[in-house]
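Protein chains in written order, with this note's numbering: chain A, 1 to 224; chain B, 225 to 650.
No lab work stands behind these hints: they were computed from the structure.
Even for Gly, the Cβ is constructed at its ideal location relative to N, Cα and C.
Some hints here could point you the wrong way.
What the hints assert, rightly or not - Ranges between beta-carbon positions, derived for each pair:
id	chain 1	residue 1	chain 2	residue 2	range
1	A	Ala23	B	Phe405	53 to 63 Å
2	B	Asn508	A	Asn58	16 to 26 Å
3	A	Arg65	B	Ile545	46 to 56 Å
4	A	Gly57	B	Arg442	19 to 29 Å
5	A	Asn198	B	Leu521	44 to 54 Å
6	A	Gly57	B	Glu424	42 to 52 Å
7	B	Ser608	A	Arg65	41 to 51 Å
8	B	Asn576	A	Lys213	29 to 39 Å
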Amino acid sequence: MKVLIIEDERELAQSIADYLSGAHYLCEFAATYQEALEKVEVYEYDCILLDIMLPGGNGMQILERLKSLNKQDGVIIISAKNSLDDKIQGLHIGADDYLAKPFHLPELAARIYSVIRRRSFANTNVIQLNELQIDLLGKSVKVHQELIPLTKKELDLLLYFIANKNKVVSKSAIAEHLSGELADMLDNHDFIYAHIKNLKKKLTEAGCANYLKTIYGSGYKWEL
Amino acid sequence: MKNLLNKPLRIFTLYSFIVLLCSIPVYFIIIDFIWVREVGEHNRIKSEATKQNFRSIKFKDGEMEKSIALWNRIQPETKLREVDALRPDSTYNEYRKNTYIPSKGLDRYEGRVTYFELNGKFYSVTIETNLEESYETILAITAVTALFFIILLIGFIRLNKKISTQLWRSFYESLQKIKSFDLSSLKKPEFDKTDVIEFEEMNSSVSRLMDGSINVYRQQREFTENASHELQTPLAVIQSKLDLLLQSQSLSAQQSAIIDETHKALTRVSRINKNLLLLAKIENQQYADQESINISLQLEEQIAQLSDFLATKNLKLQEQIAPDITMKGNKVLVEIMLTNILMNAVRHTVKNGEINIRLEQDRLTISNSGEASLNSEKLFKRFSSADANSPGTGLGLAIVREICSRYQWNVSYNFENGVHVFVLSF
Numbered sequence: 001m002k003v004l005i006i007e008d009e010r011e012l013a014q015s016i017a018d019y020l021s022g023a024h025y026l027c028e029f030a031a032t033y034q035e036a037l038e039k040v041e042v043y044e045y046d047c048i049l050l051d052i053m054l055p056g057g058n059g060m061q062i063l064e065r066l067k068s069l070n071k072q073d074g075v076i077i078i079s080a081k082n083s084l085d086d087k088i089q090g091l092h093i094g095a096d097d098y099l100a101k102p103f104h105l106p107e108l109a110a111r112i113y114s115v116i117r118r119r120s121f122a123n124t125n126v127i128q129l130n131e132l133q134i135d136l137l138g139k140s141v142k143v144h145q146e147l148i149p150l151t152k153k154e155l156d157l158l159l160y161f162i163a164n165k166n167k168v169v170s171k172s173a174i175a176e177h178l179s180g181e182l183a184d185m186l187d188n189h190d191f192i193y194a195h196i197k198n199l200k201k202k203l204t205e206a207g208c209a210n211y212l213k214t215i216y217g218s219g220y221k222w223e224l
Numbered sequence: 225m226k227n228l229l230n231k232p233l234r235i236f237t238l239y240s241f242i243v244l245l246c247s248i249p250v251y252f253i254i255i256d257f258i259w260v261r262e263v264g265e266h267n268r269i270k271s272e273a274t275k276q277n278f279r280s281i282k283f284k285d286g287e288m289e290k291s292i293a294l295w296n297r298i299q300p301e302t303k304l305r306e307v308d309a310l311r312p313d314s315t316y317n318e319y320r321k322n323t324y325i326p327s328k329g330l331d332r333y334e335g336r337v338t339y340f341e342l343n344g345k346f347y348s349v350t351i352e353t354n355l356e357e358s359y360e361t362i363l364a365i366t367a368v369t370a371l372f373f374i375i376l377l378i379g380f381i382r383l384n385k386k387i388s389t390q391l392w393r394s395f396y397e398s399l400q401k402i403k404s405f406d407l408s409s410l411k412k413p414e415f416d417k418t419d420v421i422e423f424e425e426m427n428s429s430v431s432r433l434m435d436g437s438i439n440v441y442r443q444q445r446e447f448t449e450n451a452s453h454e455l456q457t458p459l460a461v462i463q464s465k466l467d468l469l470l471q472s473q474s475l476s477a478q479q480s481a482i483i484d485e486t487h488k489a490l491t492r493v494s495r496i497n498k499n500l501l502l503l504a505k506i507e508n509q510q511y512a513d514q515e516s517i518n519i520s521l522q523l524e525e526q527i528a529q530l531s532d533f534l535a536t537k538n539l540k541l542q543e544q545i546a547p548d549i550t551m552k553g554n555k556v557l558v559e560i561m562l563t564n565i566l567m568n569a570v571r572h573t574v575k576n577g578e579i580n581i582r583l584e585q586d587r588l589t590i591s592n593s594g595e596a597s598l599n600s601e602k603l604f605k606r607f608s609s610a611d612a613n614s615p616g617t618g619l620g621l622a623i624v625r626e627i628c629s630r631y632q633w634n635v636s637y638n639f640e641n642g643v644h645v646f647v648l649s650f
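The whole structure should be built from the sequences, with the hints applied where relevant.
As structure tokens, then:
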């Protein structure tokens with residue numbers, strides 16, 4: 001999978017690339033408006049991470065160019081502005097998602113995973129991981145062909161872990177993923193335990209191997 | 225405090241009163257002086273004429289004495305007498321009752337005694353003329369002066385009125401505009417052109433001052449917004465590095481704990497930054513578009529999202545939500561406001577406590593069990609409730625108040641019988 005990171009803050013771009021490199025992502029960089037435009041016009045990417053404020057121009061124009069070229073690349077806007085207008089405008093022009101800085105890398109990975117999955121809907125609307133089978137369209141999960149009833153949040157959590165497989169995901173990242181802004185208003189993230197405990201229980205009881213490991217003091221890891 | 229235009233009016237009135245008052249004795253002295261001089265002159269001419277006429281008559285013996293006696297009988301005021309020696313002329317001024325015309329009070333006389341010699345004998349002639357009495361003169365002058373003073377006073381008041389409505393009109397118009405100037409609207413009033421130099425100068429000076437204030441205010445607001453924006457990227461870098469660090473295989477439990485603590489602090493910084501940005505944006509009149517919002521539905525959606533947090537703290541929630549209460553406002557802002565006030569209740573309710581939410585036509589009441597009253601004065605101020613040990617940013621309620629004030633809603637806090645009560649009246 002090819003990902004283009006259009007971001008002028010090199011450290012951030014590097015972190016994203018490092019995090020994604022473990023999975024089967026191939027990252028390229030563009031730090032200026034001009035550079036980004038050239039790459040976007042010439043190559044095809046599965047997903048483009050687009051910063052709005054770039055040296056030399058506005059990221060929105062890159063998005064517009066992309067759409068006028070009729071390119072099918074998935075686009076996630078990552079912006080420091082967190083402005084509603086930008087979000088609405090970006091999604092209107094054709095971005096797939098909008099993520100305000102600062103964000104957790106696992107959150108970004110989940111969004112990228114979701115965008116790519118949606119882009120290539122036709123052939124991957126079912127995810128098969130050993131005995132685990134997730135039907136994205138029907139929103140159902142099967143273990144050994146046996147349907148297990150997961151709540152909306154548990155399914156969300158499961159996909160989140162799969163998008164971040166073999167990565168340690170912190171509790172605060174999970175909390176933020178589940179409850180958005182509400183999570184960081186609270187002093188503890190205990191509410192995630194219940195969901196994780198239930199998810200684990202339902203999977204293992206159905207005969208699924210225990211892929212979800214608790215990393216003491218850090219968080220959780222989906223090991224495969 | 226007096227009206228600007230009434231101040232000179234009083235001073236002018238006082239001044240003209242004093243001047244006119246002083247003019248009364250001056251007029252009197254001058255008029256009296258002229259009177260006395262003219263009458264004196266008259267007396268001299270008369271006495272001189274009498275003297276000369278006497279001399280020109282050739283009296284026979286004894287005829288002279290008879291004539292004098294006759295003269296004195298017919299004109300008793302002009303005494304003609306024989307005296308023992310010639311003396312220099314003398315004048316006198318006296319008040320006495322006249323014996324011929326009935327009158328109240330005394331009459332004033334100016335008299336002159338002159339001496340002459342005739343046929344070796346000496347005679348004195350006294351000529352008297354009735355003169356205007358002093359008090360009558362003073363009375364007349366005072367009356368005339370008072371009349372003029374009244375005319376002046378009426379003139380002053382009428383002119384003052386006229387001046388105030390014409391000359392000062394542009395001043396009062398400017399004053400009205402300055403009064404209604406609201407810095408936070410960032411709009412400067414337009415002053416009308418005037419042909420008075422001072423007013424034009426005042427208007428342009430005030431205009432300049434307003435421009436300056438508006439600029440400073442705008443810069444200050446933009447500064448907060450820009451500073452928050454600039455912080456987002458480095459915060460994103462730190463966040464991403466921490467997420468990466470967590471991936472290291474060789475992390476000890478202690479190191480993981482450090483990362484976790486750093487994460488928590490970072491989350492707090494990010495949140496403060498986000499909230500500051502939000503406040504700056506609200507102040508900068510963003511989120512301007514309004515729509516009709518069904519508060520009842522919004523509130524129910526928000527409450528549904530709270531279920532996780534309620535379960536963790538084992539809180540009991542009671543809700544009484546009147547259906548289909550609508551409000552005009554910005555959807556995003558109303559959502560933020562509801563979130564903040566609800567999360568505030570969740571956060572500050574003790575474990576196993578109770579939260580009560582009641583929505584009525586004109587108010588939203590959120591009460592939760594607590595231990596001690598909070599400082600209601602500081603509660604809604606920025607950073608006043610921030611506490612290093614709590615994850616709160618100290619901005620949540622400030623945002624609630626900012627949003628409320630934008631729509632002229634009122635938010636208040638009360639502590640009654642171990643229950644914190646927040647009331648939001650629309």
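Hint by hint, here is what the structure shows:
At about 59 Å, the CB distance of alanine 23 of chain A to phenylalanine 405 of chain B agrees with the hint of 53 to 63 Å. One distance hint, 16 to 26 Å for the beta-carbon pair asparagine 508 of chain B and asparagine 58 of chain A, holds here, with the actual separation near 20 Å. Range check, arginine 65 of chain A to isoleucine 545 of chain B: about 48 Å between beta-carbon atoms, so the 46 to 56 Å window is met. Range check, glycine 57 of chain A to arginine 442 of chain B: Cβ separation about 26 Å, and the 19 to 29 Å hint holds.
Checked against the given bound of 44 to 54 Å, the beta carbons of asparagine 198 of chain A and leucine 521 of chain B, roughly 29 Å apart, lie outside it. Separation of glycine 57 of chain A from glutamate 424 of chain B is about 47 Å and conforms to the stated range, judged on CB atoms against 42 to 52 Å. Distance hint check for serine 608 of chain B and arginine 65 of chain A: the Cβ-Cβ separation is about 48 Å, which falls inside the suggested range of 41 to 51 Å. Remark: the range hint 29 to 39 Å for asparagine 576 of chain B to lysine 213 of chain A is upheld by a beta-carbon distance near 33 Å.
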